[in-house]
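Chains as they are written, first to last, in numbering that gives the first Met the number 0: chain Y, 0 to 297; chain B, 0 to 297; chain X, 0 to 297; chain V, 0 to 297.
Calculated from the structure, these hints are not laboratory results. Each hint should be verified, as a subset may be incorrect.
[Unchecked claim] The list that follows gives simulated cross-link-like pairs (lysine-lysine, DSS-like), each with its CA atoms no further than 25 Å apart: (1) 242(Y) with 151(X); (2) 25(V) with 39(V); (3) 89(V) with 151(V); (4) 39(V) with 242(B); (5) 151(B) with 242(B); (6) 242(X) with 151(X).
Number of protein chains: 4
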Amino acid sequence: MTNSSRSIAVIGLGIMGCPMAVNLVKAGFDVIGYNRSEAKVQALVERGGRGASTIAEAVGTADVIMTVLPDSPDVEDVAEGHGGLFDSAKSGTLWIDSSTIRPDVSQRLASAARARGIRALDAPVSGGEPGAIEGTLSIMVGGEAADFEAAKPVLEAIGSTIVHVGPAGAGQTVKAANQLLVAGIIELVAEALVFVDAHGVDADAAIRVLSGGLAGNRILERKAASMVARVYEPGFRVDLHHKDLGILIAAAHEAGVAIPLGALAAQLMGALRAQGHGNLDHSALHLLVETLSGRRPT
Amino acid sequence: MTNSSRSIAVIGLGIMGCPMAVNLVKAGFDVIGYNRSEAKVQALVERGGRGASTIAEAVGTADVIMTVLPDSPDVEDVAEGHGGLFDSAKSGTLWIDSSTIRPDVSQRLASAARARGIRALDAPVSGGEPGAIEGTLSIMVGGEAADFEAAKPVLEAIGSTIVHVGPAGAGQTVKAANQLLVAGIIELVAEALVFVDAHGVDADAAIRVLSGGLAGNRILERKAASMVARVYEPGFRVDLHHKDLGILIAAAHEAGVAIPLGALAAQLMGALRAQGHGNLDHSALHLLVETLSGRRPT
Amino acid sequence: MTNSSRSIAVIGLGIMGCPMAVNLVKAGFDVIGYNRSEAKVQALVERGGRGASTIAEAVGTADVIMTVLPDSPDVEDVAEGHGGLFDSAKSGTLWIDSSTIRPDVSQRLASAARARGIRALDAPVSGGEPGAIEGTLSIMVGGEAADFEAAKPVLEAIGSTIVHVGPAGAGQTVKAANQLLVAGIIELVAEALVFVDAHGVDADAAIRVLSGGLAGNRILERKAASMVARVYEPGFRVDLHHKDLGILIAAAHEAGVAIPLGALAAQLMGALRAQGHGNLDHSALHLLVETLSGRRPT
Amino acid sequence: MTNSSRSIAVIGLGIMGCPMAVNLVKAGFDVIGYNRSEAKVQALVERGGRGASTIAEAVGTADVIMTVLPDSPDVEDVAEGHGGLFDSAKSGTLWIDSSTIRPDVSQRLASAARARGIRALDAPVSGGEPGAIEGTLSIMVGGEAADFEAAKPVLEAIGSTIVHVGPAGAGQTVKAANQLLVAGIIELVAEALVFVDAHGVDADAAIRVLSGGLAGNRILERKAASMVARVYEPGFRVDLHHKDLGILIAAAHEAGVAIPLGALAAQLMGALRAQGHGNLDHSALHLLVETLSGRRPT
Chain Y
0 MTNSSRSIAV
10 IGLGIMGCPM
20 AVNLVKAGFD
30 VIGYNRSEAK
40 VQALVERGGR
50 GASTIAEAVG
60 TADVIMTVLP
70 DSPDVEDVAE
80 GHGGLFDSAK
90 SGTLWIDSST
100 IRPDVSQRLA
110 SAARARGIRA
120 LDAPVSGGEP
130 GAIEGTLSIM
140 VGGEAADFEA
150 AKPVLEAIGS
160 TIVHVGPAGA
170 GQTVKAANQL
180 LVAGIIELVA
190 EALVFVDAHG
200 VDADAAIRVL
210 SGGLAGNRIL
220 ERKAASMVAR
230 VYEPGFRVDL
240 HHKDLGILIA
250 AAHEAGVAIP
260 LGALAAQLMG
270 ALRAQGHGNL
280 DHSALHLLVE
290 TLSGRRPT
Chain B
0 MTNSSRSIAV
10 IGLGIMGCPM
20 AVNLVKAGFD
30 VIGYNRSEAK
40 VQALVERGGR
50 GASTIAEAVG
60 TADVIMTVLP
70 DSPDVEDVAE
80 GHGGLFDSAK
90 SGTLWIDSST
100 IRPDVSQRLA
110 SAARARGIRA
120 LDAPVSGGEP
130 GAIEGTLSIM
140 VGGEAADFEA
150 AKPVLEAIGS
160 TIVHVGPAGA
170 GQTVKAANQL
180 LVAGIIELVA
190 EALVFVDAHG
200 VDADAAIRVL
210 SGGLAGNRIL
220 ERKAASMVAR
230 VYEPGFRVDL
240 HHKDLGILIA
250 AAHEAGVAIP
260 LGALAAQLMG
270 ALRAQGHGNL
280 DHSALHLLVE
290 TLSGRRPT
Chain X
0 MTNSSRSIAV
10 IGLGIMGCPM
20 AVNLVKAGFD
30 VIGYNRSEAK
40 VQALVERGGR
50 GASTIAEAVG
60 TADVIMTVLP
70 DSPDVEDVAE
80 GHGGLFDSAK
90 SGTLWIDSST
100 IRPDVSQRLA
110 SAARARGIRA
120 LDAPVSGGEP
130 GAIEGTLSIM
140 VGGEAADFEA
150 AKPVLEAIGS
160 TIVHVGPAGA
170 GQTVKAANQL
180 LVAGIIELVA
190 EALVFVDAHG
200 VDADAAIRVL
210 SGGLAGNRIL
220 ERKAASMVAR
230 VYEPGFRVDL
240 HHKDLGILIA
250 AAHEAGVAIP
260 LGALAAQLMG
270 ALRAQGHGNL
280 DHSALHLLVE
290 TLSGRRPT
Chain V
0 MTNSSRSIAV
10 IGLGIMGCPM
20 AVNLVKAGFD
30 VIGYNRSEAK
40 VQALVERGGR
50 GASTIAEAVG
60 TADVIMTVLP
70 DSPDVEDVAE
80 GHGGLFDSAK
90 SGTLWIDSST
100 IRPDVSQRLA
110 SAARARGIRA
120 LDAPVSGGEP
130 GAIEGTLSIM
140 VGGEAADFEA
150 AKPVLEAIGS
160 TIVHVGPAGA
170 GQTVKAANQL
180 LVAGIIELVA
190 EALVFVDAHG
200 VDADAAIRVL
210 SGGLAGNRIL
220 ERKAASMVAR
230 VYEPGFRVDL
240 HHKDLGILIA
250 AAHEAGVAIP
260 LGALAAQLMG
270 ALRAQGHGNL
280 DHSALHLLVE
290 TLSGRRPT
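Could you build the full structure based on these sequences and the hints that come with them?
Pasting the structure below:
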């Protein structure tokens with residue numbers, strides 16, 4: 000079966016969902032998109048996709064459904080709501096949920112889907128807007144092995160690192176770990192940058208040399224320069240990272256895993272949001288460290 | 000002037016100093032090594048260097064002196080002690096200190112050196128034993144621009160990322176920031192690994208997919224697999240990282256920089272050492288997180 | 000109306016509920032107790048109360064119902080379950096819930112009760128087993144002012160500090176703050192005790208002098224001596240405090256309040272539990288600090 | 000020997016030293032005060048003491064010398080400086096240092112004093128300005144037992160809890176623990192107050208009921224009301240507490256004691272200072288938590 004003979008419904012055409020859908024178009028799939036706000040559907044249509052005005056219309060004839068939504072309740076609504084995915088998808092449809100949601104909700108929805116003859120994978124992604132545009136996302140997939148194999152041609156159109164990490168929900172678990180790492184590393188990079196700046200060291204030189212050693216990491220490569228420039232344009236919003244860290248903290252609490260640095264990073268991300276910076280890029284933790292250190296007009 | 004016409008004294012031939020000296024030999028320098036324990040000098044001699052039985056003998060005729068010592072007092076002793084570097088080096092000698100020490104001590108020694116006609120650079124390194132052996136260290140250099148230029152052929156024999164970050168002491172400041180990042184990222188990776196393990200996710204799969212996204216970092220690449228295998232062979236010892244974090248915390252306290260994650264990581268590194276694990280690799284923070292989470296026989 | 004003419008059902012006769020019921024008996028109330036395990040009912044009967052074998056029997060004729068249960072789902076079961084409080088209580092009954100549960104669940108149940116003609120107060124307590132036995136609990140009450148006035152004679156039989164802190168759920172909010180303070184102060188006292196011990200200072204002398212200054216607090220008075228003796232008998236179990244801190248962290252996350260010390264204390268309490276110490280008194284954070292500091296055979 | 004026959008020199012007549020000296024006057028001692036700024040000496044003279052214009056004049060004939068100075072270098076200067084205490088005190092004089100300084104400096108100075116025939120005690124205090132005025136300080140004393148006995152009549156004039164905690168330096172160790180507790184409890188109280196406020200709970204009611212239970216502590220009694228009123232008048236300045244926490248962190252690092260909450264509280268106190276609030280009362284951690292939580296105009 001060639002890609003062009005497969006139809007994919009994409010529900011959720013936001014910062015991540017839209018470029019992912021466009022890459023599916025480019026890979027030859029027949030893509031039909033749905034979004035609550037009509038304008039975003041038009042953007043997809045202009046780039047070669049088709050538009051649907053209801054979820055039922057989008058998923059009714061699709062071989063594959065991909066959801067890219069903000070939070071657990073959104074996915075529950077789309078899946079279980081009246082006229083939603085469960086009501087309207089064909090039996091045998093493959094549902095790939097690329098939203099970042101609670102692992103337990105993901106597991107429950109996968110079971111509910113299966114009971115309706117729908118095969119479900121959780122496949123949250125990392126790599127941000129650039130990764131979504133370039134098709135170089137890292138995709139952590141939970142679900143059955145056969146379904147993972149079936150999903151591969153789809154996932155390869157949007158990502159470059161695609162790993163089956165375990166049964167239903169496992170993708171979300173690894174995504175929670177990803178969000179722990181990303182939040183913590185951003186905060187550490189912010190602390191390091193403010194520290195060297197306070198000692199009069201040139202930040203660009205510091206970033207270059209730190210990147211070359213054991214401290215090297217992707218935040219330093221991709222976000223440190225804009226942090227130094229005090230530009231915090233999303234990218235990935237503080238609001239969403241705050242939500243994800245809530246999932247992480249609750250899951251670690253349940254599982255009895257100590258994540259002291261993760262918990263503290265979550266507090267700082269929450270503080271950033273509480274201060275009204277929810278719409279900034281998560282790299283704005285740099286703003287918080289500068290404020291805490293009195294190195295910014297308040 | 001070719002490398003072979005320049006003589007370099009290397010003081011301190013430990014885990015880092017010895018392979019660095021060997022790489023200088025390979026680059027054609029005339030290398031004369033000194034170490035308190037004779038055996039380590041022999042190791043260098045067997046690999047093409049010359050040995051000295053006193054600091055004075057090592058540095059007396061050297062064009063360049065490189066020190067690779069554990070802590071601030073060691074460098075003070077070697078530099079200012081009776082029969083030490085300041086007593087014995089020729090005027091005009093270039094002294095490169097690649098130890099990790101307190102920035103303020105580094106500045107003071109650089110001034111004292113200059114008063115004796117010795118040109119001083121602080122040039123701490125990152126990259127660990129593998130980087131020292133492969134000659135791919137990241138080197139953060141503080142001091143005068145002309146001295147940095149003079150030192151370049153030497154530094155290029157041992158490192159691949161070599162950056163002049165500012166005046167005397169600036170190298171140490173950036174090294175402190177490096178140690179903040181490395182300790183923090185190790186702890187975050189440990190928390191992430193224990194978190195996914197507690198949820199039954201395969202760690203190798205998780206490491207692969209996490210490495211591909213925004214969370215990607217060198218600890219994940221180089222140390223995560225051995226952490227999962229519970230092998231914590233140095234590498235870089237907890238004792239030394241604990242010492243470095245003491246420098247960091249004091250410097251941040253003085254400068255008025257808030258480093259909450261760094262301070263917490265320092266507490267955990269200190270705990271690891273207090274528990275008798277000072278000789279393990281710093282990646283043993285994984286052991287600490289597993290112990291904290293009750294996932295290890297105690 | 001004298002106390003003896005009022006009948007009170009007490010649901011939940013554990014470490015806290017039993018002595019609270021006994022104090023109600025002593026104050027002259029007609030007390031009828033229910034507990035899932037029969038043995039605990041007998042203990043009350045021996046001390047002057049009456050026993051019931053079902054919730055319905057306990058609450059059917061009561062003027063006041065007091066619930067003292069471990070967690071949110073327990074209270075939901077007792078209130079909303081088949082044959083539970085909502086099914087069996089007389090219209091106009093006053094329901095005092097002294098369990099520590101989620102503020103949002105407390106609010107929801109209060110509304111549901113009111114819809115059935117039952118007046119509801121949330122009235123969690125602090126003071127531990129000694130306070131329950133001595134009748135000196137601190138009681139934080141949420142609900143309507145008139146209901147608070149009606150409940151006063153009952154509450155005065157079990158507590159010595161009784162404060163109406165706001166509408167339904169407000170008692171639980173203040174209790175969450177109480178649990179934040181208690182966990183944090185226990186941890187701080189543990190850190191202080193291990194710190195002075197590591198410096199060879201006599202702990203008893205330290206406790207005495209610390210109690211006299213600005214650092215003085217009830218944990219130091221009541222629990223520090225047994226911590227030094229390494230006796231951690233509940234009292235209040237780690238398991239329950241861990242549960243309460245989960246409520247706190249989620250509520251702070253929702254409300255956008257930064258509680259960095261609270262979040263870190265929650266991680267440590269969780270670690271203690273994960274290590275198998277869930278049945279110890281929460282003062283066992285001292286054990287954790289000693290373990291972290293390598294001052295205890297592991 | 001009656002109090003009136005003993006002369007006491009008091010060096011350092013600041014917020015703490017002045018009321019302490021006044022209480023010594025009230026107890027009948029012959030008090031001679033010295034301070035760098037003349038005005039403070041006058042304040043003592045007006046209240047019945049005598050003034051000295053040099054340290055030598057103050058201590059030359061004194062039976063007891065009490066120093067109440069800001070930091071380690073100040074005490075070193077007064078003790079070891081030209082014309083200082085060691086140069087000018089009679090042999091056999093009892094020196095009581097009530098400053099808060101590094102335990103190791105305290106030990107070194109005690110040895111140096113002894114070598115000159117001066118008996119030294121470290122006797123830092125807790126209780127703040129109110130405690131100093133009321134003579135109800137808590138005093139933690141390190142040194143020899145005989146010297147402690149000799150000092151008792153003096154200490155009883157200024158404090159109500161007076162405990163000999165160990166040999167030289169032990170008083171400073173316990174004071175460091177005191178500062179850990181006080182900083183941590185202030186931060187916890189701040190978090191609790193902002194948490195209940197964010198949920199619309201009346202802070203005064205919350206303070207009353209929290210004080211009655213296991214969470215009860217002296218910060219809640221003495222400082223919470225002014226924190227709620229956003230009045231942060233010293234009392235004890237952030238600058239000084241920051242200095243003390245630097246001593247604590249270094250001492251814990253040396254001793255290998257894990258103080259995660261203490262270290263985090265130290266970071267927050269440092270942040271407060273870095274933001275320009277060094278002259279506020281340490282209870283201004285409440286301001287920091289409100290700012291972090293976006294509950295204050297920035």
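| Violating hint indices (sorted, rising) | 1, 4, 5, 6
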